[in-house]
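Given the coordinates of chain E, work out where chain B should sit on it, guided by the hints.
Protein sequence lines, in the order shown, are assigned to chains E and B.
Be aware that the first sequence starts at 1, since it is given in UniProt numbering, and climbs by one per residue.
Be aware that the second sequence starts at 1, since it is given in UniProt numbering, and climbs by one per residue.
FYI, nobody ran anything at the bench for these hints, they're computed from the structure.
All values derive from a computational prediction rather than experimental measurement.
Heads up, the beta-carbon is just placed ideally off N, CA and C, and yes, glycines get one too.
Treat the hints with care, since some could be wrong.
Heads up, simulated DMTMM-like pairs for lysine to aspartate or glutamate below, C-alpha to C-alpha not over 20 angstroms straight-line [as the list claims (entries may be wrong)]:
{"hint": "1", "chain 1": "B", "residue 1": "Lys269", "chain 2": "E", "residue 2": "Asp40"}
{"hint": "2", "chain 1": "E", "residue 1": "Lys710", "chain 2": "B", "residue 2": "Glu457"}
{"hint": "3", "chain 1": "E", "residue 1": "Lys709", "chain 2": "B", "residue 2": "Glu457"}
{"hint": "4", "chain 1": "B", "residue 1": "Lys483", "chain 2": "E", "residue 2": "Glu523"}
{"hint": "5", "chain 1": "E", "residue 1": "Lys527", "chain 2": "B", "residue 2": "Glu476"}
Derived contacts from chain B toward chain E, CB cut-off under 10 angstroms, selection only [what the hints assert, rightly or not]:
{"hint": "6", "residue": "Phe337"}
{"hint": "7", "residue": "Leu382"}
{"hint": "8", "residue": "Thr439"}
{"hint": "9", "residue": "Asp447"}
{"hint": "10", "residue": "Asn456"}
{"hint": "11", "residue": "Pro458"}
{"hint": "12", "residue": "Leu482"}
{"hint": "13", "residue": "Ala484"}
Here are the computed distance ranges between Cβ atoms for each label pair [claimed, not checked]:
{"hint": "14", "chain 1": "E", "residue 1": "Arg549", "chain 2": "B", "residue 2": "Asp284", "range": "52 to 58 angstroms"}
{"hint": "15", "chain 1": "E", "residue 1": "Asp554", "chain 2": "B", "residue 2": "Asn225", "range": "33 to 39 angstroms"}
{"hint": "16", "chain 1": "E", "residue 1": "Asp554", "chain 2": "B", "residue 2": "Lys19", "range": "57 to 63 angstroms"}
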Amino acid sequence: MMRKQQTFSRGLSDKVRKSKAAPEIQKNPFEVKINRKKFDVLGRKSKHDVGLPGVSRSRAIQKRKDTLLKEFRLKDKNNTFIDRRFGEYDSKLTPEEKILQRFTLERQRTQDRKDMYNLNEEEELTHYGQSLAEMEKMTDVIDSDSDSEEKGLLSAELTATHFGGGGGLLRKKSAGDEEEEHKPRSRQELIEELIFKSKQEKRERQTQKEEAQELTEKLDQEWKSIQNLLAHKTPKAERTDETDKPKLDQYDMMVRELGFEMKAQPSEKLKSAEELAREERQRLQTLEADRLKRMMGDAEEDAVQTNTHVSADDMNDGFILDGDDRKTLAYKDGKWNIEGEEEEKEDEDGDEEGGEEEDEDDEDDAEGEDDEEEEGEDDEEDDADEDHCDLQSDEGSEDEDGQGAEEEQLCAEEPPAVSEEQKKAAQEAARAELPYTFPAPESYSDLKQLLQGHGSEQQRLILDRTLKCNHPSLSAGNKAKLQKLFGFLLEYVGDLATQNPPDLRTVSALIPQICGLCQMFPEAACKAVQTLLSDSGHSMEETLEVKGRAPMPDLDMLVLLKITALLFPSSDFRHPVTTPAFLFLSQALTRCAVVSLEDVCKGLVLCCLALEYVSLSQRIFPELLNFLLGLLHLTVSDKHNMGTAVCVCVCVCVCVCVSVSQVFLNQCRISILLCVDLIITLLCDLHREILDAIPEKPSQHAPLVFKKKKPIPLKLFTPKIVQILDYGKKRGNTKEEKERERLKHKYKREFKGALREIRKDTRFLAREKLSDVMSRDAERKRKVKELYGSLATQEGEWKALKRKNRK
Amino acid sequence: MASSTDSNVKGENSQVSYKKYINTKTDRVLQSKKHANDIFDVIEYLQSEKDKEVIFATNACSKVFCQLFYRGDLYVGDLPEEEDLVNGDRSAEEKYRIFMRHRYSNCVELLLENIGHKAFQVKETSLCALMKFVAAEGKHPLQNLDEHYNFPRELLQTLVEHLLSEKEDMSLLISRFQEFLEMDDVRYYVMSSVRDNIYRVMGRNKKAVIPVYQNNVFTLLSTINVPSEASKMKHFLVRQDCKFEHKRAFEQMWLVFLKFKLPSNMYKKILVILHESIMPQMSDPTLLIDFLSAAYDIGGAISLLSLNGLFILIHKHNLDYPDFYKKLYSLLDPSIFHVKYRARFFHLVNIFLSSTHLPAYLVAAFVKRFARLSLTAPPTSLLILLPFICNLIRRHPSCRVLIHRPSTAEEPCDDPYVMEEEDPAQCHALESSLWEIKTLQKHYHPDVAKAAMKINEPLTEQEDDISELLELSTFELMERELKAERKTIPLEFDTATELLKSSREVLGVHFSLE
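One chain only, chain E, in its complex shape (with noise of 0.2 angstroms):
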């Protein structure tokens, strides 16, 4: 009795279920059980507050009845293929053997007549299996495409309104009797229209898919009839389309255009005079931060304070003029001006320089006939100024080896002052006859021959044209072939050095493309200074190993290592080309004998280029103290034979050099004075300036001092915070650890859920177990019962009978 009453509310419940919506149920406090949380997280999302037992359960039980019940019911019950294939498990005999037997068997089968005597009876014809006579008779192949036809129809329309439509009416009844009232036609009348229209459209169809037949038929036979003719016209057709298509492409092009036309883009501002000069200013001050970080190295972070002060110098004095580049470095002024008068005038000196590089013609003139004022003033009084001390030296270098020493020679011989026309006229008639267009040199002879018998200007403006011509956005490889033009002017320059008698204003010409390309491909021309750098110190290296002694560079070593200060900063802390090049001075000026008066010339040569390294970063160079020390001993002790001009010109560089490195030493000073005094009859003006140079006290130190460092904080015990992004998840510390401990938690869950789903299962199954058996033994007691009624009705029938017949 119980039993059959739960069947009977889950029956009615699953009803319920079934008729109401989702919602409906959802909202139903009956059917809603809240499960209660034991804390309120913040930010989390729980899918299991609210749940739905009764609807949940009746769904697993109708699940397993659909599935579970079905194949329980059906347990023991399957059939099974036994195989009765003659041999089919017979391991001796052989493929063939079976298939042989089996034919036999077969025809056995066959030939065995089931009537001795008809004779009639013939053999049927097969093909896999199938009797020929059959498939002759189905001529209809394409009953199958319309049996499709009709399921896809079918399912396509009949199903929403036999299924889902049915399904809709049910609940359409159940919902409400007052919707009936509505509806004019009965449920009956509708169905049966229902019925009348899917048969009309099934009529319908037949009828189409009869007529589609007979005229795909036809249109088979026609397209028979013309294939061969429109085999030769499909040429035609394709034109037709090409045709077409250009025009399209066209349409498609022009429409692209429009849409990637470029825009007028709003172009900068023209800038005014002032602002190109700002921002020309603000372009070097960049450049020199860098330059002066760069000198400092990566150490010297400290010590760029000190030397800010300059740049804001720079700015303050206004130095800089519009456009003009190249004399940026007006901060020199206020280092300059510290050391001394003497340093000040040169540094005017160069300044005009600087400045007179725009407009050369006329300010050469006009510092041309400085100078020969000068020179006149120095022949007559016996001043040591510097430019007279060069044309002193210069003339005793010539007087001893005119040759050798012809390089250096002193400023005062200017280049002739040509007039301005005439240089144009000049330079306009060079032009004309030079072609416009030059193939960049392959090897240094090509570049020899292309320059070689013409004037310097014109190989300037040969080599300037052939920038311009292989400029590298030209072509692709027009940027190795520059690059090789580098290192090919670098041999050139050497060779017009080297050459007798040398060719440095050509050179000195040559210096604007040098830079130029320079420019452009920085590695390249690092490359190949650092070639020659190193090759010509391994060639000193190496006859100073064989020899003890090495002659000083020659004058093409001396170009070089000029311009290579031209080129690179000689004031970096550390440059890859520059280094390299002080230690070549440094290895000229130690190890090279001197033995002429040529060598003392190059020495000099060498100390200003050392010098001139140095300016900037005030860096010391004891090699050039070391130098110009020993040269004034050898002065000093014999004086007679070199002769008091080269007297003169060691001191100008003592001078320079003292001036220069600030931080010099008593032994230094002390050795200068005694060599001084030495020469004093001859040189007392000059003697008076180095004095003024030197200063009175020897140099003062404080002592030393580490540098004050930053007490290193105490450790704090602060906790340690550690930001945590997956609230809840299991953490491990690596991803493989982490993959590994999800899987395990997902692997448990599933066999917990496993395990309660078969448990689910086996109580689902007992209970229909014991249902079946309930409903049996009902059965059973039915049955008996109305046996024992009958029978009591028989007893009574026969006891009544015999009464009567008692009776």
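The following block gives chain B in isolation, referenced to the frame of chain E:
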């Protein structure tokens, strides 16, 4: 063409002829005593003008006389005069032997003369022949004085005398002679005869310097190597059993050589090999102290080199050298950075100053002096010097005041250090500061500047290793710089237009193009 072939033929003829001639003569001499006089013709060839003939004749002579030695055809004992031979009543056999002995001595004389010949091959063959004679004489002694002591000393002595020429550089021949010096007895007698020879020659020259002779002696002496144990001596030219005091002979030979005044380059040569090849072979190296202290007093590079020997004596033989550090201090001058033996010197100075028991004033004086000298040093030396100074300060924390004196206010004062003072105790180094290193922080070479920068901060505990820097050359430094990979190459941003016109022109101020 014809003439040349003719001359060739003639040359060949003459060659063949003299060979044939000498061969027949030697054969005849050896065949019978009748032809004894033919030996004169062979010996005559020893004085020939042509080198080939001399060589051939030398070989022939050595063959003949060795044969005669073997046969015993040379007179044994004191040799009578040749003139007496006619008068004396001796048997023909005896006469023949005396005659042959005289020829032998003639031949030896000529060969000794040939040692001073122009051509090296002649010298070499003569030397070989003479050494063969020495061996033969050892086996068949010409004087029967003592059975146990039959090494031909006189012959060897005269040979050595000729070898150590006063006029000619014999280094090639001496190096050839070296192979005979493998023999222990030869070596021993050479050593003793060299000793006598030096006495004699130097005495004759009144102790003046004779560079060529001394050079020869040095070449010979430096080739002599005495095996460390007497048991290893197994090679003998003449078989004998007596023991030699090799070490003693070796020592005496060197001491005699070093007793006399030497040219300065000879000092350098000796000092370079002294600690490696001479001192270990001497029985008592302390005897070298006179030489070493004399060398140490000479000054310059010689003093630097003598340090090595002195160090071994002080270190291993417990020698007390007064004022060693004072002298070492006075050795420090700017030239130490430029001499060839810079690496060796710094290695030694590093060892000398490695003791932590040195007084602080001394170390400070050294440090200060090195610092002062560093102002003139090339970068390669500076790269040794700066870590070296830092190491010294690390070893002697009391010298830290040189780079860190926090008590005094930062006011500049004169440097109390006295550079000219010879005595490290008097130079006030501890009161000074290493401003020189501070100056070098502005050195043009980045590595040097970085090394100098280290004194800005407290020095680390770990000492810098300077051993690998010792052999650094400027070119290596340059190579290192060139090979370093750089990402960016900064350029001069203000482009020049002319060779002598740039923003910071110095060259252009003093020179111009033409």
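Hint-by-hint comparison with the structure:
Taking the CA atoms of B:Lys269 and E:Asp40, the gap is near 97 angstroms; set against the 20 angstroms cutoff, the hint is violated. Between E:Lys710 and B:Glu457 the CA atoms are separated by roughly 12 angstroms; this keeps the pair inside 20 angstroms, and the hint holds. In summary, the hint linking E:Lys709 to B:Glu457 is supported, as the alpha carbons are separated by about 8 angstroms, within the 20 angstroms threshold. The suggested pairing of B:Lys483 with E:Glu523 holds, with an alpha-carbon distance near 13 angstroms, which does not exceed 20 angstroms.
Our distance criterion of 20 angstroms between C-alpha atoms is met by E:Lys527 and B:Glu476, whose separation comes to about 18 angstroms. With a cut of 10 angstroms, the hint placing B:Phe337 at the interface with chain E holds, because the nearest CB-to-CB distance is about 9 angstroms. Because the closest C-beta pair between B:Leu382 and chain E is about 8 angstroms apart, less than 10 angstroms, the hint holds. For B:Thr439, the interface hint holds, since its Cβ comes within 10 angstroms of a Cβ in chain E; the closest pair sits about 5 angstroms apart.
Checking B:Asp447 against chain E by beta carbon gives a least distance of about 8 angstroms; that is within 10 angstroms, so the hint holds. Look at B:Asn456: its Cβ gets to within about 5 angstroms of chain E, closer than 10 angstroms, so that hint holds up. Interface hint status for B:Pro458: upheld, as the beta-carbon distance to the closest one in chain E is roughly 6 angstroms, under 10 angstroms. Look at B:Leu482: its Cβ gets to within about 5 angstroms of chain E, closer than 10 angstroms, so that hint holds up.
At about 7 angstroms, the closest approach between the beta carbon of B:Ala484 and any beta carbon in chain E falls short of 10 angstroms, and the interface hint on this residue holds. In this structure the hint that E:Arg549 and B:Asp284 lie 52 to 58 angstroms apart at CB is violated, the actual value being about 42 angstroms. Between E:Asp554 and B:Asn225 the C-beta distance comes to about 48 angstroms, which lies outside the given range of 33 to 39 angstroms. A hinted range of 57 to 63 angstroms holds for the C-beta pair E:Asp554 and B:Lys19, which are about 58 angstroms apart.
When each numbered hint is compared with the structure, violations occur for hints 1, 14, 15.
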